[in-house]
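Residue strings, one per chain:
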Amino acid sequence: MFGDYSLTDLSSIFVMQGFAGLILFSVYTLMALGLAIIFGQMGVINMAHGEFMILGAYVTYLCSGFFQTHLPALFPAYFFVAMALAFIASGALGMLVEWALIRHLYKRPLDTLLATWGLSLILQQTYRTIFGAREVGVELPAWLIGSVQVTDSIEIPINGMFVMAITTLITIGVALLMYRSRFGAQVRAVVQNRPMAGAVGIDTERVDRLTFGLGCGIAGIAGSAFTMVGSTGPTSGQLYIVDTFLIVVFGGAASLLGTIASAFSISQTQSTLEFFLSGSTAKVITLLAVVGILMLRPQGLFTLKVRR
Amino acid sequence: MLQTTPAPLFAPHIQGGVQPMLAIRDLHAAYGQSEVLHGLDITVAPAEIVAVMGRNGMGKSTLMKTLMGIVPVKSGSIAVDGTPVAALKSHQRVAQGLAYVPQGRMIFSAMTVQENIETGLTVTNERRVPGDLYEMFPVLLEMKGRRGGNLSGGQQQQLAIARALASRPKVLLLDEPTEGIQPSIIREMGRTLKKIRDARGLSIVVSEQVLSFALDVADRVLVIENGHIVHESLRADIDEAKVARFLSV
Numbered sequence: 001m002f003g004d005y006s007l008t009d010l011s012s013i014f015v016m017q018g019f020a021g022l023i024l025f026s027v028y029t030l031m032a033l034g035l036a037i038i039f040g041q042m043g044v045i046n047m048a049h050g051e052f053m054i055l056g057a058y059v060t061y062l063c064s065g066f067f068q069t070h071l072p073a074l075f076p077a078y079f080f081v082a083m084a085l086a087f088i089a090s091g092a093l094g095m096l097v098e099w100a101l102i103r104h105l106y107k108r109p110l111d112t113l114l115a116t117w118g119l120s121l122i123l124q125q126t127y128r129t130i131f132g133a134r135e136v137g138v139e140l141p142a143w144l145i146g147s148v149q150v151t152d153s154i155e156i157p158i159n160g161m162f163v164m165a166i167t168t169l170i171t172i173g174v175a176l177l178m179y180r181s182r183f184g185a186q187v188r189a190v191v192q193n194r195p196m197a198g199a200v201g202i203d204t205e206r207v208d209r210l211t212f213g214l215g216c217g218i219a220g221i222a223g224s225a226f227t228m229v230g231s232t233g234p235t236s237g238q239l240y241i242v243d244t245f246l247i248v249v250f251g252g253a254a255s256l257l258g259t260i261a262s263a264f265s266i267s268q269t270q271s272t273l274e275f276f277l278s279g280s281t282a283k284v285i286t287l288l289a290v291v292g293i294l295m296l297r298p299q300g301l302f303t304l305k306v307r308r
Numbered sequence: 309m310l311q312t313t314p315a316p317l318f319a320p321h322i323q324g325g326v327q328p329m330l331a332i333r334d335l336h337a338a339y340g341q342s343e344v345l346h347g348l349d350i351t352v353a354p355a356e357i358v359a360v361m362g363r364n365g366m367g368k369s370t371l372m373k374t375l376m377g378i379v380p381v382k383s384g385s386i387a388v389d390g391t392p393v394a395a396l397k398s399h400q401r402v403a404q405g406l407a408y409v410p411q412g413r414m415i416f417s418a419m420t421v422q423e424n425i426e427t428g429l430t431v432t433n434e435r436r437v438p439g440d441l442y443e444m445f446p447v448l449l450e451m452k453g454r455r456g457g458n459l460s461g462g463q464q465q466q467l468a469i470a471r472a473l474a475s476r477p478k479v480l481l482l483d484e485p486t487e488g489i490q491p492s493i494i495r496e497m498g499r500t501l502k503k504i505r506d507a508r509g510l511s512i513v514v515s516e517q518v519l520s521f522a523l524d525v526a527d528r529v530l531v532i533e534n535g536h537i538v539h540e541s542l543r544a545d546i547d548e549a550k551v552a553r554f555l556s557v
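Order-wise, the sequence lines are chains R and H. For the first sequence, my numbering assigns the number 1 to the initial residue and increments by one for each residue that follows. For the second sequence, my numbering assigns the number 309 to the initial residue and increments by one for each residue that follows.
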């Protein structure tokens, strides 16, 4: 399959596909971070995670429209406002869902799968009713459009670099929150032993609610970033949820580093193979590789070395 | 603190005119339909160490879990320093002055020793681990960066006690602290518990199967059998043979 290309072509292809893979990696990482917190830390299988992401995307779309018509002067900066609002909207919906639905199901983890799947259907229909079935796209501000010409054959899009920068910042922020703050310590304590965490004085219900909200909020930011690389429709989230679960399981539940490493390897394999083969063949090969590795290492890529 | 007047058997709500630190009245608790505690009355004076003894399956751990809010109270009341806590959630009971060292330690194994102790600070709003805890358990200072799960059993027990003490409790509950610990460490633990009581004036309720340990630390010994208190005596005038008969299988 490489036969038709010269060596320079091939290296350019690898660099540019690698970069396209990095944008995919960013969206995956943001999605998987939220899911890793909710699934890896709380054991809740959140099938509606993609819909929380799409909520963020729709919020970004609404923001873009609002700034265009009412505040055109501030339009170049609207994306930052949109991301903050996407985080708040998805986070608030997440906390509401935790309160109304999830907290009753902590003792029945498999039922969370059904309940959140139902929730995802409800949300999809709600989006369809409010925004219509047709996919929508956002208007990017001028400074995000275009690309940097690195060599004659290599071009790197600016919005991709922006998405990556945002992802890096948020990942560092989440890592600091989980491993350096008191809230993070409380979350990890609740995750390891819920009754015992209560018995040392941690308000476990509050921690659960905030954790779930945080995971959903990050999905909202993922949705915001997603609008730059794809168009938003009621079911767009569905395309990502399976891949994201795969990433979390492949990386090893409850390991942030594992999640990032696994998002990177899966998105890069996917993106590079896509150029040479068809999209579905690329997916088949990626999935086969993941299944093979998981058979050899069922606990995922990264695990904690500690006595249980 | 030994009482000079022997407490009356069962339900001694007020001892020598002092408000009890922990007052349990007619406590019933059940797992679903199956009732395990059938109306317990226990009173613990300030700075008193009470040992609750009994064989496996007699309700010792259930009593501890019910006091902590892990097993729900079916009926009856629990008061800590005069404040009723039976309707409160676990973390609210901790804020009212209860602290718990569970059977099997239950430390957070993936977290470091220091993080484990810090979880106990949640209700006190302190930021740092108080120095006196590390003074009491110097081995924990040495190991503060290690993961809790990689400590030995005895070290984990000390960590669980330090974590409980971090919340500045009025009443410390210990569920079978000697289980799986080597004898030399058990003696050391007895000394530590009495030292903590003397330094902080807190009340301690410890459930035990090992009679020698109970006689070493406790001011008063209760025997629980099938969810009832069947025997109670001060350490000073305990009939060892009788208590041992309750404990033999």
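Incorrect hints may have been included.
[Said to hold, decoys possible] Derived DSBU-like pairs: lysine-lysine, alpha-carbon spacing no greater than 30 Å straight-line: (1) H:Lys550 x H:Lys502; (2) H:Lys503 x H:Lys382; (3) H:Lys550 x H:Lys397; (4) H:Lys452 x H:Lys503; (5) H:Lys397 x R:Lys107; (6) R:Lys107 x H:Lys503.
Worth flagging that the hints you see were computed from the coordinates, not collected in a lab.
*When you check the alpha-carbon spacing of Lys107 (chain R) and Lys503 (chain H), does it fall within 30 Å?*
violated (40 Å)
*If you draw a straight line from the CA of Lys452 (chain H) to the CA of Lys503 (chain H), is it 30 Å or shorter?*
holds (22 Å)
*asked:* Please verify whether Lys550 (chain H) and Lys502 (chain H) have alpha carbons no more than 30 Å apart.
replied: Holds: Lys550 (chain H) and Lys502 (chain H) sit about 25 Å apart, inside 30 Å.
*Keeping to a limit of 30 Å between CA atoms, is the pair of Lys397 (chain H) and Lys107 (chain R) held or broken?*
holds (18 Å)
*asked:* Would the hint linking Lys550 (chain H) and Lys397 (chain H) be met if the CA-CA limit is 30 Å?
replied: With Cα atoms ~38 Å apart, Lys550 (chain H) and Lys397 (chain H) exceed 30 Å; violated.
_Hint consistency between Lys503 (chain H) and Lys382 (chain H) [alpha-carbon to alpha-carbon, up to 30 Å]_ = violated (35 Å)
Hint compliance for this structure: hints 2, 3, 6 are broken, all remaining hints hold.
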